[in-house]
Structure formats: C-alpha cells, structure tokens
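**Q** Sequence:
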Amino acid sequence: MSKYSALILLLTIISGFCKGENRTRGWLPEFCVFGEQKCPNSRVSFWLYTNQTRDDPKQLDPLNPQKNFFEPRLPLKILIHGFIGNRNLTPNLEVRDVLLQTQPVNVISVDYGTLVRWPCYYPWAVNNAPIVSECLAQMINSLISAGISRREDIHLIGFSLGAQVAGMVANYVSQPLARITGLDPAGPGFMMQPSLQQKLDASDADFVDIIHTDPFFFSMLPPMGHADFYPNLDQLNQRGCSYISNWRFYNCNHYRAAVYYGESIVSRRGFWAQQCGGWFDFFSQRCSHYSNLPNTQMGYFVSADASGSYFLTTHEVAPFAKGPLVEVEFEVSELRNFTEIELR
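Those letters in the sequence shown? Residues -20 to -1, 1 to 324, per mature numbering (1 follows the signal peptide of the UniProt record, and there is no 0), in order.
Because the hints were derived from the structure by calculation, they are not lab data.
We put the beta carbon where it would ideally sit given N, CA and C, even for glycine.
The reader is advised that the hints may include incorrect statements.
As the list claims (entries may be wrong) - Cβ-Cβ distance ranges computed for the label pairs, FRET-style:
hint	residue 1	residue 2	range
1	Phe49	Met171	17 to 27 angstroms
2	Lys47	Asp186	19 to 29 angstroms
3	Pro274	Asn121	16 to 26 angstroms
4	Asp77	Gly127	42 to 52 angstroms
5	Arg34	Ser154	24 to 34 angstroms
6	Thr30	Phe196	35 to 45 angstroms
7	Ser287	Ser22	15 to 25 angstroms
8	Glu16	Asn121	11 to 21 angstroms
9	Asp186	Val297	33 to 43 angstroms
What the hints assert, rightly or not - In silico SDA-like cross-links for lysine to any residue, where the CA-CA straight-line distance does not exceed 20 angstroms:
hint	residue 1	residue 2
10	Lys38	Asp77
11	Lys302	Arg219
12	Lys47	Ser122
13	Lys18	Pro110
14	Lys38	Val13
15	Lys38	Val78
16	Lys302	Asp214
17	Lys302	Phe260
18	Lys47	Pro99
19	Lys47	Asn66
20	Lys302	Pro203
21	Lys47	Pro110
22	Lys47	Thr30
23	Lys47	Val78
24	Lys38	Asn66
25	Lys38	Phe14
26	Lys302	Gly250
27	Lys302	Gln255
28	Lys47	Ala117
29	Lys38	Glu51
30	Lys38	Leu80
31	Lys302	Ser264
32	Lys47	Asp35
33	Lys38	Ala158
34	Lys47	Asn68
35	Lys38	Leu54
36	Lys18	Lys47
37	Lys302	Phe170
38	Lys18	Asp35
39	Lys38	Pro55
40	Lys38	Glu132
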C-alpha cells in the first residue's frame, strides 16, 4: 500500500469517531469542538477589509451588517480558508492585499479557525464544514436584503476545505451565487461523497472555476466546475516543488493554487492555458497538436465563457506565469511530458 493510500485509509477510519451532534469524541483532544448547529455562531466570524480598513478590519454582524463600513457599489470578494487556517492564512495571505491594492473591491475574510485547528483530526473539520456554509449564507442573504451587495457582484474564493464550504453555501442562499473559485478543493472526505449538495460542483454558481494543483493527494483529479485548470499535470509535483516540501506540514503542491491565483491578479503575462478534452485525454496522449483549440487565462481574469478542462505549465519560481501561447504540443513520456512554446 502506498503512503498516499495508507493516509486516506487512516482518515476514513478516524472519521467514524465524528458522527452526529451528540457524538463521542473518540480520539479527539478536549479542545476540539464540534460546531454548534446554529447561526449566528460564535465560532464563525466575518471580517470586512476595504482600502480604508485594511489595517483595522471591521467584524460584521451577520444579521445586521453595517452598510457604512462598505465602499459603496463595489464588487464583493469573500475569502474562505481551509483546514488549520484562519482569516490571515491561505488564501487571505496570497490574495487579500493584492486585491485591495489593485482592484476596486470590498473583501470579507471568513474565520472559522477554532473549528478546523491542529492537532484535531481532519474528518472532524469536514464534519464542521456545513455549519460554516450555513452561517456564511446567512451573512450573504443579509448583505443582499440590506442592499449592500448585489447577487451578481458576489464572488466566493475558497482554498482546500474552504472551497468545499463555498460550494455548500449554495444550499442555503436565497439567490444563486454569481461565481465561486475553488483553489485546489479538498479531496479527502469529499471525493467519494455521492451527494452534490455536500461538495463543490458546477451547479453551485453561475460560474465555477477550479485550479487543481495537488489532484493526486489533497485535492481531486476529476473536473468539478465549468472551467477546470490543471497546471503542470505532466509531473507529480508542481514545478519548483519537491517531494520533501510536499511531505512537510506545508504542502507545496496544495498551496500553489492560491499562489498562482494571487499572481494572476497582477500578472502582465497571465497564466494562459490550452483547452483539451479532459485529464483522461491528457493521460491517453490525445491532446497532441491541439493548438487550434481555444485558450484562456487561468485565475482572476478567467473568461466567463471558458468551459471544459485546460492545461498549462508554469515557471519553477515566481513569477510563475508564462504568458500567451502561440502553439501547444502535448506528448506523454514516463508520467507525462508537456511542452509549450510561449510568445516571446
């Protein structure tokens, strides 16, 4: 059994200790709490960042968000962290300041860190995800009903477990979401989930774009959105990541999704990607000489018309974006070999 398979099996076994509201703690440490099934919830908070409050964010009342805190008539970006995260960690770390410095937006960072903290077990965090989604939906409904934000201006950006939280928000909002971006959505605990209501998929918003950077371990390989992007699928690791960096607590592959997304906001080159039939076609060597197929940018400025699976490579170090493509040729050798000729 591989190390990957063994870990997934262990997580599955542990998940049996996290069932029901009055469930046993099993092996969970005492400070690992199960989220109380109510909204508002003291363990789920919302922090508003604007150009005026960047260094002094305002905590919002989800039932009565203060309209005067917001920059009027600006789009709203909602950032959702993952396991062992908080409002100052990924994707906030890579995305929030860049957005505020370069885009006319309001930003809300969701914080549910006490429900997903280390060393509490990952399946326990997965069990807490639905109540986070419900409370976030309550906040969104309040913003819309108060006339602070319009439905079409709300964009959820979630990393890992936070991407799955974003998807489940669709179960509770009064109006369909406009856009969800999934940054390497969490795989364990969701991959085998049969119900689409319990994980992110294309039905959760008008447009769902996904960046898969660790599809063989922490994330998922199958497409999940309207447009799915697969950087560096020609090798197991993202370019510039190593096997050592991926076995440390900080997983280089997994976090690259947020790094790429943050760079895409300010990149002059852009993360241009080539459409192909899908990851199965890619592995089956059916993507060679597809240079006549559509291409689009991965990341913040992705076209709303983008549809299907897209493939690209990156540089090993920042800036990672390679720029527009003029010709693409795919050839599989060993795992895969991917060659791009970029515009110079």
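**Q** Give a verdict on every hint.
**A** Now for the hints, and whether the structure bears them out:
1. Phe49 with Met171: 17 to 27 angstroms: violated (39 angstroms)
2. Lys47 with Asp186: 19 to 29 angstroms: holds (25 angstroms)
3. Pro274 with Asn121: 16 to 26 angstroms: violated (36 angstroms)
4. Asp77 with Gly127: 42 to 52 angstroms: For Asp77 and Gly127 the Cβ distance comes to about 28 angstroms; the hint is violated.
5. Arg34 with Ser154: 24 to 34 angstroms: holds (30 angstroms)
6. Thr30 with Phe196: 35 to 45 angstroms: Roughly 39 angstroms apart at Cβ, these two residues keep to the hinted range, so it holds.
7. Ser287 with Ser22: 15 to 25 angstroms: violated (41 angstroms)
8. Glu16 with Asn121: 11 to 21 angstroms: Since the Cβ atoms of Glu16 and Asn121 sit about 20 angstroms apart, the hinted range of 11 to 21 angstroms holds.
9. Asp186 with Val297: 33 to 43 angstroms: At 35 angstroms between Cβs, range holds.
10. Lys38 with Asp77: Cα-Cα ~16 angstroms, so holds.
11. Lys302 with Arg219: holds (12 angstroms)
12. Lys47 with Ser122: holds (11 angstroms)
13. Lys18 with Pro110: holds (11 angstroms)
14. Lys38 with Val13: Roughly 26 angstroms between the alpha carbons, so the hint for Lys38 and Val13 is violated.
15. Lys38 with Val78: holds (19 angstroms)
16. Lys302 with Asp214: holds (16 angstroms)
17. Lys302 with Phe260: It is violated: about 24 angstroms lies between the C-alpha atoms, which goes past 20 angstroms.
18. Lys47 with Pro99: Given pair Lys47, Pro99 is violated - Cα atoms ~38 angstroms apart, limit 20 angstroms.
19. Lys47 with Asn66: violated (24 angstroms)
20. Lys302 with Pro203: With Cα atoms ~23 angstroms apart, Lys302 and Pro203 exceed 20 angstroms; violated.
21. Lys47 with Pro110: Not OK: Lys47 and Pro110 at ~27 angstroms, beyond 20 angstroms, violated.
22. Lys47 with Thr30: holds (13 angstroms)
23. Lys47 with Val78: Status violated; Cα separation ~24 angstroms.
24. Lys38 with Asn66: holds (16 angstroms)
25. Lys38 with Phe14: Roughly 26 angstroms separates the two Cα atoms, so the pair is violated.
26. Lys302 with Gly250: holds (7 angstroms)
27. Lys302 with Gln255: Distance of about 16 angstroms is within 20 angstroms: holds.
28. Lys47 with Ala117: holds (18 angstroms)
29. Lys38 with Glu51: holds (13 angstroms)
30. Lys38 with Leu80: holds (15 angstroms)
31. Lys302 with Ser264: violated (25 angstroms)
32. Lys47 with Asp35: holds (19 angstroms)
33. Lys38 with Ala158: Violated: Lys38 and Ala158 sit about 24 angstroms apart, past 20 angstroms.
34. Lys47 with Asn68: Violated. Lys47 to Asn68 sits at ~23 angstroms, over the 20 angstroms cutoff.
35. Lys38 with Leu54: Holds, at about 17 angstroms.
36. Lys18 with Lys47: violated (24 angstroms)
37. Lys302 with Phe170: violated (32 angstroms)
38. Lys18 with Asp35: Violated - the C-alpha atoms of Asp35 and Lys18 are around 30 angstroms apart, more than 20 angstroms.
39. Lys38 with Pro55: holds (17 angstroms)
40. Lys38 with Glu132: Status violated; Cα separation ~23 angstroms.
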